[in-house]
Amino acid sequence: MDEINDILNGFKRPTFIASVNNRLASHPERNENDILKAVRTSVVATLAGEEPELERFDVLTRRFAFWFILSAFANDSEPWTDEPKLTVKSAQALVFDTPELAEQAGAFLL
Amino acid sequence: MSSLSNDYAGSVQTEQIVLERLEKYTGLKAIQTPIAERIDFVLGDAKKWRVVGEIKTRPRFYPAGFFMADKKRDVLAGWEKICRPIIPWFVVHCLENGTIYFRDVREDDDEFEQTYMTNPYSTTRQSEWGRIVPISAWKTIEPPSVFESVF
Chain A
-5 MDEINDILNG
5 FKRPTFIASV
15 NNRLASHPER
25 NENDILKAVR
35 TSVVATLAGE
45 EPELERFDVL
55 TRRFAFWFIL
65 SAFANDSEPW
75 TDEPKLTVKS
85 AQALVFDTPE
95 LAEQAGAFLL
Chain B
1264 MSSLSNDYAG
1274 SVQTEQIVLE
1284 RLEKYTGLKA
1294 IQTPIAERID
1304 FVLGDAKKWR
1314 VVGEIKTRPR
1324 FYPAGFFMAD
1334 KKRDVLAGWE
1344 KICRPIIPWF
1354 VVHCLENGTI
1364 YFRDVREDDD
1374 EFEQTYMTNP
1384 YSTTRQSEWG
1394 RIVPISAWKT
1404 IEPPSVFESV
1414 F
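Top to bottom, those sequences are chains A and B. Anchor point for the first sequence: position 61 equals 55 in the numbering used here, and the numbering is continuous, going up by one each time. Anchor point for the second sequence: position 147 equals 1410 in the numbering used here, and the numbering is continuous, going up by one each time.
For reference, chain A alone in the conformation it holds in the complex (with noise of 0.2 angstroms):
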């Protein structure tokens, strides 16, 4: 966990994205399936405007897919790009109980 810690917190700088997604791919504790779920969760409910009901999820599956989101935005990658707030929001949704890194996801949309 404290792995995933240091390299969320690193996630302002694009240019080690790949190489962290390439160290999280084999990450022994991934649910590829679960981070989908959350992801969804997440971007759905924030879409219609409702508080997503997260707290099913572990904090590692929400981390992930934290990661996940603001990865591919700062990837300039499509959709993401197309919805600054929905999905900063989104990401931040995932990462309630850690307000630092939601901090740190609000800092792409100044």
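In case anyone wonders, no lab produced these hints; they're calculated from the structure. A hint or two may mislead.
[What the hints assert, rightly or not] Capping the alpha-carbon separation at 27 angstroms, the derived lysine-lysine pairs in DSS-like fashion look like this:
{"hint": "1", "chain 1": "B", "residue 1": "Lys1287", "chain 2": "A", "residue 2": "Lys83"}
{"hint": "2", "chain 1": "B", "residue 1": "Lys1292", "chain 2": "B", "residue 2": "Lys1344"}
{"hint": "3", "chain 1": "B", "residue 1": "Lys1310", "chain 2": "A", "residue 2": "Lys83"}
{"hint": "4", "chain 1": "B", "residue 1": "Lys1311", "chain 2": "B", "residue 2": "Lys1287"}
{"hint": "5", "chain 1": "B", "residue 1": "Lys1344", "chain 2": "A", "residue 2": "Lys79"}
{"hint": "6", "chain 1": "B", "residue 1": "Lys1292", "chain 2": "A", "residue 2": "Lys31"}
{"hint": "7", "chain 1": "B", "residue 1": "Lys1310", "chain 2": "B", "residue 2": "Lys1344"}
{"hint": "8", "chain 1": "B", "residue 1": "Lys1402", "chain 2": "B", "residue 2": "Lys1287"}
{"hint": "9", "chain 1": "B", "residue 1": "Lys1344", "chain 2": "A", "residue 2": "Lys31"}
{"hint": "10", "chain 1": "B", "residue 1": "Lys1402", "chain 2": "B", "residue 2": "Lys1334"}
{"hint": "11", "chain 1": "B", "residue 1": "Lys1402", "chain 2": "A", "residue 2": "Lys79"}
Please arrange chain B on chain A, whose structure you already have, making use of the hints.
Structure of chain B alone, referenced to chain A:
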């Protein structure tokens, strides 16, 4: 309302009416999407959102069909991939005949001619690529009858 092109100035006022008719047609709840600029609504409920869509208002009926911008189709298709399973709808509200036309943007439209369209309602000169989708290719929601609208 979308910030993309081809918006009719009166569309904001009619968007809510369109959503009410979509609710009645689908039996789902419609929510305008306050945070998004390029997506107008979702249909469903808090447990499962089923449709994501964009509404365009056209004051006149065009017998040849309605224009669907490539960029708009790509945006909706992109969010469909992220929010799957969800259906991406492009919705046209025709004021002249009161009919709502809608289409799943994932449907193949390669057979329709690609064209470069200038937005006649924009104060700035906006043009974009897209396709004229024939009337027969849209699903429709007919306008409510006078009886229904009064009683």
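Now for the hints, and whether the structure bears them out:
With a C-alpha separation of about 30 angstroms, the suggested pair Lys1287(B) and Lys83(A) falls outside the 27 angstroms cut-off, and the hint is violated. With a CA separation close to 22 angstroms, the supplied pair Lys1292(B) and Lys1344(B) stays within the 27 angstroms bound. With a CA separation close to 19 angstroms, the supplied pair Lys1310(B) and Lys83(A) stays within the 27 angstroms bound. Annotation: proposed proximity of Lys1311(B) to Lys1287(B) holds, straight-line Cα distance about 18 angstroms (limit 27 angstroms).
With a CA separation close to 18 angstroms, the supplied pair Lys1344(B) and Lys79(A) stays within the 27 angstroms bound. The hinted pair formed by Lys1292(B) and Lys31(A) meets the criterion: a straight-line CA distance of about 22 angstroms does not exceed 27 angstroms. Taking the CA atoms of Lys1310(B) and Lys1344(B), the gap is near 18 angstroms; set against the 27 angstroms cutoff, the hint holds. Between Lys1402(B) and Lys1287(B), the direct Cα distance comes to roughly 15 angstroms. Compliance with the 27 angstroms bound is thereby established for this hinted pair.
With a C-alpha separation of about 12 angstroms, the suggested pairing of Lys1344(B) with Lys31(A) holds against the 27 angstroms cut-off. The suggested pairing of Lys1402(B) with Lys1334(B) holds, with an alpha-carbon distance near 21 angstroms, which does not exceed 27 angstroms. Proximity of Lys1402(B) to Lys79(A) is assessed by CA-CA distance (about 32 angstroms); at most 27 angstroms being required, the pair is judged violated.
Hints 1, 11, counting from the list given before, are not met by this structure.
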